[in-house]
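Listed in order, the protein sequences are those of chains A and B.
Read left to right, the first sequence gives residues 1 to 111 (the numbering used here).
Read left to right, the second sequence gives residues 1001 to 1115 (the numbering used here).
Among the hints, a few may not be true.
Under 7 Å between C-beta atoms, here's a sample of chain B residues computed to sit facing chain A [unchecked claim]:
id	residue
1	Gly-1042
2	Leu-1043
3	Phe-1045
4	Ala-1056
5	Gly-1058
6	Glu-1103
7	Phe-1106
8	Pro-1108
With the C-beta cut set under 8 Å, the calculated list includes, among others, these residues of chain A facing chain B [as the list claims (entries may be wrong)]:
id	residue
9	Phe-91
10	Asp-98
11	Arg-100
Straight line, CA to CA, 30 Å or less: simulated DSSO-like cross-link-like pairs of lysine-lysine [claimed, not checked]:
id	chain 1	residue 1	chain 2	residue 2
12	A	Lys-73	B	Lys-1057
13	A	Lys-55	B	Lys-1057
14	B	Lys-1057	A	Lys-70
Hints in this document: simulated from the structure, not taken from any laboratory.
Note that the coordinates shown come from a computational prediction; the quantities given were computed from them, not determined experimentally.
Backbone N, C-alpha and C define an ideal beta-carbon position, used for all residues, glycine too.
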Amino acid sequence: AQTVTQSQPEMSVQEAETVTLSCTYDTSESDYYLFWYKQPPSRQMILVIRQEAYKQQNATENRFSVNFQKAAKSFSLKISDSQLGDAAMYFCAYRHNDMRFGAGTRLTVKP
Amino acid sequence: DSGVTQTPKHLITATGQRVTLRCSPRSGDLSVYWYQQSLDQGLQFLIQYYNGEERAKGNILERFSAQQFPDLHSELNLSSLELGDSALYFCASSADSGGAGREQFFGPGTRLTVL
Chain A
1 AQTVTQSQPE MSVQEAETVT LSCTYDTSES DYYLFWYKQP PSRQMILVIR
51 QEAYKQQNAT ENRFSVNFQK AAKSFSLKIS DSQLGDAAMY FCAYRHNDMR
101 FGAGTRLTVK P
Chain B
1001 DSGVTQTPKH LITATGQRVT LRCSPRSGDL SVYWYQQSLD QGLQFLIQYY
1051 NGEERAKGNI LERFSAQQFP DLHSELNLSS LELGDSALYF CASSADSGGA
1101 GREQFFGPGT RLTVL
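Please build the complete structure, drawing on both the sequences and the hints.
In C-alpha cells:
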C-alpha cells in the first residue's frame, strides 16, 4: 500500500523568509504523481503544485517550488518570501490510481 | 471557486440516522471522488465514480454508499450514523478516470455533526 508521511505536524516561519515542508512516500510504482495542497481556515482544498514522477525537473509555481528526490521517495515543498496568506495546513498527496494524503503540516507565518 | 458544488454546507443529525450528501462536479469532469476529513486529520479516500460506475474504493464503511447519476452528480449516503462519523466530507472531481496526474478539484465540503 502506498503511504504518505509528513513528519512535521507544525512549522513556523517569519514573514518574507523561506520555509521547507517535508514529505516522504512509499510506493513500488514507477509512474505516479505528487501534489501539495493547501487548506486555509476556510477548509477549502487548493492545489499548490504538482510533480510528475517521470520528470526529473522540479516543479515551480511562483514562490512555491519542490525538491523531488525519486530514489529517496522524498517530495518537499519550499515556500519563498513567505506571506501571511500562506498560513494554512499543507497536505502532501500521492496518486497512482486513487489519491493518498499525508496527515498535514500546519504552517504559521509570523509578521 | 473550484466549480465543484456540495450541498448542504452543514448537517447536524442524531446517532442512528441516515443522511445524503450531494456533489456536482465541474462541467466536463467525469470522475467524482469522496473523502472524509476528521478533525485535524488528513483526508481519507472513500470512493471514486467515473461516468456512473464505481472505479475505486478506499476506506469506506459498509454503512456508507455512493452513486453517480447520469447527469454526473453524485450522492454519498451515510446510514446508522455514529458519533465518530462527524467529519468534513469532501467531494472532488477530475477529467480523467484515474491513474493519471490530472488535478482533482475540491468542493467546499459538507460538515457533518452527529450528536
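Hints and how they fare:
1. The closest approach between the C-beta of B/Gly-1042 and any C-beta of chain A is roughly 4 Å, which is under the 7 Å cut-off, so the hint is satisfied.
2. About 4 Å separates the beta-carbon of B/Leu-1043 from the nearest beta-carbon of chain A, less than 7 Å, and the hint is met.
3. With a least beta-carbon distance of about 5 Å to chain A, the hint placing B/Phe-1045 at the interface is held under the 7 Å criterion.
4. A hinted interface residue such as B/Ala-1056 counts as satisfied when its beta carbon comes closer than 7 Å to some beta carbon of chain A; here the least separation is about 5 Å, so the hint holds.
5. Taking 7 Å as the C-beta contact cut-off toward chain A, the hint placing B/Gly-1058 at the interface holds, the least distance being around 6 Å.
6. At a threshold of 7 Å, the smallest CB-CB gap from B/Glu-1103 to chain A is about 5 Å, leaving the interface hint in force.
7. Interface hint status for B/Phe-1106: upheld, as the beta-carbon distance to the closest one in chain A is roughly 4 Å, under 7 Å.
8. At a threshold of 7 Å, the smallest CB-CB gap from B/Pro-1108 to chain A is about 6 Å, leaving the interface hint in force.
9. With a cut of 8 Å, the hint placing A/Phe-91 at the interface with chain B holds, because the nearest CB-to-CB distance is about 6 Å.
10. At its closest, the beta carbon of A/Asp-98 sits 5 Å from a beta carbon of chain B; the interface hint therefore holds under the 8 Å criterion.
11. Using the Cβ-Cβ criterion of 8 Å, the hint placing A/Arg-100 at the interface with chain B is satisfied: the shortest such distance is roughly 7 Å.
12. Proposed proximity of A/Lys-73 and B/Lys-1057 is supported: the alpha carbons are some 25 Å apart, at most 30 Å.
13. For the hint pairing A/Lys-55 with B/Lys-1057, the CA-to-CA distance comes to about 28 Å; that is within 30 Å, so the pair holds.
14. For the hint pairing B/Lys-1057 with A/Lys-70, the CA-to-CA distance comes to about 27 Å; that is within 30 Å, so the pair holds.
Going down the numbered hints, you'll see the structure goes against none, and every one checks out.
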